[in-house]
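Protein chains: 2
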Amino acid sequence: MSDTMAALNRKLLEHSRLTAADLRAVTTLNYTIRALDPNEDLIRQGDDPSVSALVVSGMLARYHLLPSGKRQYISYHMEGDMPDSQALFIEKMDHAVCAIGSARVALIPHVQLLKLFEARPFVGFAIWRETLIDAAIFREAITNNGARTKVARLGHLLCELFYRAKASGLTDGETFYMPISLVQFGETLGMSIATLNRTLQSLRKSRTVELQRGTLHIRDWERLAKISQFDPAYLHLKKAPR
Amino acid sequence: MSDTMAALNRKLLEHSRLTAADLRAVTTLNYTIRALDPNEDLIRQGDDPSVSALVVSGMLARYHLLPSGKRQYISYHMEGDMPDSQALFIEKMDHAVCAIGSARVALIPHVQLLKLFEARPFVGFAIWRETLIDAAIFREAITNNGARTKVARLGHLLCELFYRAKASGLTDGETFYMPISLVQFGETLGMSIATLNRTLQSLRKSRTVELQRGTLHIRDWERLAKISQFDPAYLHLKKAPR
DNA sequence: CGGAATGTTGATATGCCTCAACTAAAGTGG
DNA sequence: CCACTTTAGTTGAGGCATATCAACATTCCG
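If you read the sequences in order, they're chains A and B.
Residues in the first sequence are numbered consecutively from 479, following the numbering used here.
Residues in the second sequence are numbered consecutively from 479, following the numbering used here.
Bear in mind the hints are in silico, worked out from the structure with no lab data behind them.
Be careful, since some hints might not be right.
The list cannot tell twin chains apart, which means a pair is met if one copy fits it or any two copies do.
Subject to a maximum C-alpha distance of 30 angstroms in a straight line, what follows is the list of computed DSSO-like cross-link-like pairs (lysine-lysine) [as the list claims (entries may be wrong)]: (1) K593 x K704; (2) K644 x K716; (3) K644 x K704; (4) K593 x K548.
Build the full structure now, drawing on both the sequences and the hints.
Set out below in structure tokens:
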């Protein structure tokens with residue numbers, strides 16, 4: 479049995495209830511592993527995906543590429559996430575996905591997933607739920623960028639990444655390795671890099687959080703969450719009755 | 479047979495292929511109609527939804543309510559849309575949905591939808607696709623608010639609303655009735671109402687678009703789309719091979 | 001017809017983007 | 001392992017865009 483698919487099962491169990499038979503069916507999925515260099519694209523805007531990727535290690539990000547060449551990062555994805563289940567029923571990618579640091583993904587053909595969903599609807603529902611949680615994360619990003627102060631905006635993103643990592647057991651105590659550059663944070667939050675840096679200084683000064691060389695360290699979670707108006711309800715990380 | 483569910487079928491056929499049997503199964507769904515006054519909430523943040531709403535007439539909007547009482551509007555939904563299929567597999571609403579102007583919705587119990595999806599997986603896939611298109615709209619909103627100029631930002635939103643309305647046959651030539659207030663536009667696009675108004679003036683001056691008393695009139699679609707960097711690819715309104 | 005909601009415009013202060021210079025860290029090849 | 005190059009992060013100065021506040025006009029609605 480596959481450790482890789484076992485990781486997917488663990489992820490699905492973070493929010494969904496599945497029977498032993500469902501879980502067993504998931505482990506029968508075939509896949510191939512692909513290694514990605516830092517900043518390498520997994521898939522580009524306009525591509526027609528026929529496989530879905532499951533993050534095995536490292537981190538991926540979604541982004542839009544604008545006519546000017548400017549990037550807008552949309553969301554980040556870590557071990558156990560399936561970032562392009564978003565593309566399962568879609569012909570042409572409206573966004574690209576790239577690696578943040580080195581990463582490894584398991585590629586699962588869409589046809590296999592569809593067959594599995596027909597045979598075991600509740601597995602489909604679990605992955606559907608996964609895509610809905612992604613959508614909730616997108617909504618929160620809209621609100622974050624539209625309605626929060628710069629400090630809360632950055633703080634909120636850091637809270638979200640840390641909370642999700644912790645829920646998946648990827649943190650080392652209060653520390654999480656997450657090699658997102660300041661430029662990328664800027665292109666996520668709609669801030670210039672200068673302002674982003676100064677905003678980060680301000681968070682540092684508040685002694686709630688430390689971030690250097692890709693290592694995020696939470697010094698005072700309660701206060702950081704308060705500063706950032708972070709309420710994890712939108713991540714829906716509770717198991718639902720089936 | 480129900481006209482209301484026929485409207486849902488039309489919507490699903492905008493992007494998905496379904497068999498006659500699938501379509502018939504959809505029309506057997508039971509529902510109740512609910513009328514909404516302008517600005518009335520259909521569902522609030524924190525509620526536990528047990529029904530999904532299909533917009534029968536008028537317009538709905540999703541929004542986040544911040545601790546300060548400030549609203550952030552997330553997206554708008556018109557006839558044929560199912561805005562809270564987003565909540566199908568989720569316990570607690572992370573956002574609210576309200577009416578923009580008067581509206582009527584058909585409420586369909588989740589249990590019925592789930593049974594339908596088990597019996598007819600491809601109907602489920604079509605509605606899943608619908609939720610994925612919503613997610614693509616959210617992503618575009620992130621980029622719109624984060625990376626575009628004020629003029630492009632407003633123009634892009636108007637383009638999207640008009641394009642979607644037209645695809646659903648809801649426009650009257652180059653005109654669409656859409657009673658969103660300037661305050662609401664501001665709370666959608668992260669601009670103050672003063673700036674929003676001046677941005678609108680600027681669009682008016684460019685003679686591409688007119689907007690008054692809720693009526694959107696497109697005067698020069700090509701130029702507006704260009705100004706706004708609007709590319710409808712992200713709406714995925716093409717039928718997919720099954 | 002009167003009151004409330006919505007839209008419009010002007011003046012002001014400031015927060016942020018832009019640009020630029022510099023430092024520190026990481027990666028590369030001899 | 002060290003010089004070199006490249007990339008990432010940091011800080012400062014200046015000017016403009018936009019949030020904020022306030023006054024007013026218009027439209028909507030009972």
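How do K593 and K548 come out at 30 angstroms by Cα distance, when the copy is not named: within, between, both, or neither? neither (39 angstroms within a copy, 45 angstroms between copies)
If the cutoff is 30 angstroms on CA atoms, where do K644 and K704 land: within, between, both or neither? Let me know, please. within (18 angstroms within a copy, 43 angstroms between copies)
Homo-oligomer pair classification [K716, K644; C-alpha up to 30 angstroms]: within (14 angstroms within a copy, 39 angstroms between copies)
Indicate which option fits the pair K593, K704 if close means a Cα-Cα distance not exceeding 30 angstroms: within, between, both or neither. neither (45 angstroms within a copy, 42 angstroms between copies)
Hint check: violations occur at hints 1 and 4; the rest are consistent with the structure.
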